[in-house]
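Engineer: The primary structure of each chain is shown beneath.
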Amino acid sequence: MADKKGRYPTEPLKCWDMAKKIREDYYRDYAAAHEKGGLRWAGGAWTFDAIPAGLGDDVFPITSEPYGASCAYDKQFSLRCLEAAEKAGYARDLCAYMRNYWGSILLNQYAFGGPFPKPDFLWQDHICCSHAKWYQVVSELEHGVPHFSIDVSVGPESEINDNKLEYVVGQMHDGIEFLEKTTGRKYDDKLLIRAVKNTCRSTSTWARVCELNKTVPAPLDEKSMYSLYVLGTLQKSSQAVADFYEELLKEVQDRVKRGIAATPNERCRVMSDTQPPWGFLSVFRYLERFGTVSIGSLYTFGLIGAWEVDGNGEWVHRKTPMETGRSINDRDKALRVLAEWELHKPEWQHFYSPHLKSEMMIRIARQWKLDGVMLHYNRGCEGLSLGIAENRLALLKAGFPVMVFEGNMGDEREFDMTRTMARIDAFMETLGMKREFQ
Amino acid sequence: MMAVITAGIDMGAKTIKVVLLEDGQKVRARAMELGGTDTRAAGERAFNAALFQAGLRMAEVAHVTATGAGRASAPFAKDSVTEVGAGARGAIFLHPAARTVIDVGAEEGKTLRCDGRGKVIDFAVNEKCAAGAGSFMESMARALEVKLEELGPLALKSGNTIPMNAQCAVFAESEVVTLVHQKHTKEDIAKAVHDAIADRITSMVRKVGFENDVVLIGGVSKNPAFVETMRRNLQTAVNVLPDPEYVGALGAAIVAAENAGVK
Numbered sequence: 001m002a003d004k005k006g007r008y009p010t011e012p013l014k015c016w017d018m019a020k021k022i023r024e025d026y027y028r029d030y031a032a033a034h035e036k037g038g039l040r041w042a043g044g045a046w047t048f049d050a051i052p053a054g055l056g057d058d059v060f061p062i063t064s065e066p067y068g069a070s071c072a073y074d075k076q077f078s079l080r081c082l083e084a085a086e087k088a089g090y091a092r093d094l095c096a097y098m099r100n101y102w103g104s105i106l107l108n109q110y111a112f113g114g115p116f117p118k119p120d121f122l123w124q125d126h127i128c129c130s131h132a133k134w135y136q137v138v139s140e141l142e143h144g145v146p147h148f149s150i151d152v153s154v155g156p157e158s159e160i161n162d163n164k165l166e167y168v169v170g171q172m173h174d175g176i177e178f179l180e181k182t183t184g185r186k187y188d189d190k191l192l193i194r195a196v197k198n199t200c201r202s203t204s205t206w207a208r209v210c211e212l213n214k215t216v217p218a219p220l221d222e223k224s225m226y227s228l229y230v231l232g233t234l235q236k237s238s239q240a241v242a243d244f245y246e247e248l249l250k251e252v253q254d255r256v257k258r259g260i261a262a263t264p265n266e267r268c269r270v271m272s273d274t275q276p277p278w279g280f281l282s283v284f285r286y287l288e289r290f291g292t293v294s295i296g297s298l299y300t301f302g303l304i305g306a307w308e309v310d311g312n313g314e315w316v317h318r319k320t321p322m323e324t325g326r327s328i329n330d331r332d333k334a335l336r337v338l339a340e341w342e343l344h345k346p347e348w349q350h351f352y353s354p355h356l357k358s359e360m361m362i363r364i365a366r367q368w369k370l371d372g373v374m375l376h377y378n379r380g381c382e383g384l385s386l387g388i389a390e391n392r393l394a395l396l397k398a399g400f401p402v403m404v405f406e407g408n409m410g411d412e413r414e415f416d417m418t419r420t421m422a423r424i425d426a427f428m429e430t431l432g433m434k435r436e437f438q
Numbered sequence: 001m002m003a004v005i006t007a008g009i010d011m012g013a014k015t016i017k018v019v020l021l022e023d024g025q026k027v028r029a030r031a032m033e034l035g036g037t038d039t040r041a042a043g044e045r046a047f048n049a050a051l052f053q054a055g056l057r058m059a060e061v062a063h064v065t066a067t068g069a070g071r072a073s074a075p076f077a078k079d080s081v082t083e084v085g086a087g088a089r090g091a092i093f094l095h096p097a098a099r100t101v102i103d104v105g106a107e108e109g110k111t112l113r114c115d116g117r118g119k120v121i122d123f124a125v126n127e128k129c130a131a132g133a134g135s136f137m138e139s140m141a142r143a144l145e146v147k148l149e150e151l152g153p154l155a156l157k158s159g160n161t162i163p164m165n166a167q168c169a170v171f172a173e174s175e176v177v178t179l180v181h182q183k184h185t186k187e188d189i190a191k192a193v194h195d196a197i198a199d200r201i202t203s204m205v206r207k208v209g210f211e212n213d214v215v216l217i218g219g220v221s222k223n224p225a226f227v228e229t230m231r232r233n234l235q236t237a238v239n240v241l242p243d244p245e246y247v248g249a250l251g252a253a254i255v256a257a258e259n260a261g262v263k
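Protein chains in written order, with the working numbering: chain S, 1 to 438; chain A, 1 to 263.
Keep in mind that the hints were calculated from the coordinates and are not lab data. Accuracy of the hints is not assured; some may be wrong.
[To be verified] Once the Cα atoms are required to be at most 25 Å apart in a straight line, the calculated SDA-like pairs of lysine to any residue come out as:
#1 S:Lys434 x A:Phe93
#2 A:Lys207 x S:Gly6
#3 S:Lys434 x A:Lys263
#4 A:Lys207 x S:Glu359
#5 S:Lys397 x S:Trp341
#6 A:Lys263 x S:Arg435
#7 A:Lys207 x S:Ala19
#8 A:Lys207 x S:Gly399
#9 A:Lys78 x S:Gly399
Go ahead and model the full structure; you've got the sequences and the hints to work with.
Structural biologist: Below is the structure:
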């Protein structure tokens, strides 16, 4: 409850250190995998990471999008990476994550110290217009690292049928053959089943955490959520990530029960869209000066979170197969569950139509009680920015004020901090918010 | 009963404007100074000039509200309002039927839609580049070796269309130099410059979506060729408000009057 000055109590997250440790371990384990006879693989944050998990517990991934974001956070390093990619002939309008990632390979510098650790194989999926191409380039830059990519572009969830599911599952079976042939290891279905269950657990639990942000005051703000959702983009199939999200859920439930706010002076609630300009997350702290909290976004909720619409038409976390009693006791069943689960991912839907994205955004705006929306016209990600101007119109039509700002998630040369802040000033004013402190 | 005097100070990118308002209704004085490098001192000079005109002392000003890009360094200001908010309030004060306000100043071009009370519904601002703003015209006038105020009348003499492709004020200057070398007339090049800036502003207006009445504010709206091109592009009447460069300061003075409790 707010005090006499209208301020809510706030406190740091207790599980913050654990989140940091998981991330640090992840990048260190990847780099050090060969020291103990383990394997390294690289792929996108959306890839079916549960599948390579069947090769053993000493097989460590690196996902390119969060790695590219980590590069972007270090502006000087990022600039060198981007320049290296451009010098090698890659155009400036390609995915900024990948340009950072390729640049890091070209410079042979790992963002976490030492030379860039070469992967043993590449494991990717393909829904974004350039997904598989990213790793074709990585394979070339790394002198022919074997590459397998699964095409998941079978249409939106409303159109999935048995044939489409079979198309994806068939590729997954082929992928396991590729993994065995490439690594020379025998595939363990028990490890796959465990990883699939972890995937469902991680993504459903993260959605439950996001659901709690419907509460006023919001227990989490988007800047903090970026540091939490990212664990799912690193390795949603891992035991550590699934367990962490369950701990986080308990803590956030406790924050809601005790009325702990992320933004003590919360008066206004907004959401953003697409990846933020990673080197400039202070934009989200700037909002606090106006008593405004960004409660998240379709991006933070739906990139990793698994959602479904309940009987009341509300967007709620998706129940796991374990909760619905679906058995996962062999390879085929595990792959089928995994494919079905991921094909419902919210962030995959709007590749088929901006209207699907608008519907989800309006749903969030209504259910999470928003006063406005800040859209990032992100020049660094064609996939997630696709149709964003149409989303703006749909949100306006639904009655939500919208501010847009141009930028780039991973290329700071395309983001103007001063003008973005000036724009936020004007937007806050239109929402009737006054600056409470400098 | 004593009149309540409030002031608005617009700390613009190039010039600083001050408007003194009586009882939130009547403009008592206005003054403008070049910003220069010491904008605070320039603001004080503009303020003193306005006070002198009105025969007032600083102590008689109940409330000062700042606006403009440099509003954080405005002298005497108790609070501030953004350029978007001030533009809307000033425009509605002068032209109550205004629903779309196009504001082109030295640094920025912006468009906003507002309701009858001056509440902003939506807005757009030029991105990262001066190619949709007054400084663009200044550099083009320099490249054509004409005075800024001559550029508009010069353009109106041309009936030809030459496309200008540069998206950046700096590169556009090079493009003008190229056009000069290609022996295009100054009139045609001046028109090309106006077409280019108006096209960018029109695109912004379309993004926000315009409703009549459309009004123009900001220093660039004193340029008749720009106004003519905007009329042609939007295919609607475009109203230039009186003393358009002062509308932001006027809007700030109106906000100051509200904050001073003037009913």
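Engineer: Each hint: holds or not?
Structural biologist: Quick rundown of the hints versus the structure:
A hinted pair counts as satisfied when its Cα atoms are at most 25 Å apart, and Lys434 (chain S) with Phe93 (chain A) qualifies at roughly 22 Å. Pair hint Lys207 (chain A) plus Gly6 (chain S) does not hold up; C-alpha atoms about 38 Å apart against a cutoff of 25 Å. The hinted pair formed by Lys434 (chain S) and Lys263 (chain A) meets the criterion: a straight-line CA distance of about 21 Å does not exceed 25 Å. Between Lys207 (chain A) and Glu359 (chain S) the CA atoms are separated by roughly 21 Å; this keeps the pair inside 25 Å, and the hint holds.
For the proposed pair Lys397 (chain S) and Trp341 (chain S), the alpha carbon gap of about 32 Å is over 25 Å, so the pair is violated. Our distance criterion of 25 Å between C-alpha atoms is met by Lys263 (chain A) and Arg435 (chain S), whose separation comes to about 24 Å. For the hint pairing Lys207 (chain A) with Ala19 (chain S), the CA-to-CA distance comes to about 42 Å; that exceeds 25 Å, so the pair is violated. Only pairs whose Cα atoms come within 25 Å are accepted, and Lys207 (chain A) paired with Gly399 (chain S) is accepted, the gap being roughly 17 Å.
Taken as a hint, the Lys78 (chain A) and Gly399 (chain S) pair is broken in the structure, with Cα atoms around 33 Å apart against an allowance of 25 Å.
Checked against the numbered hints above, the structure breaks hints 2, 5, 7, 9 and satisfies the rest.
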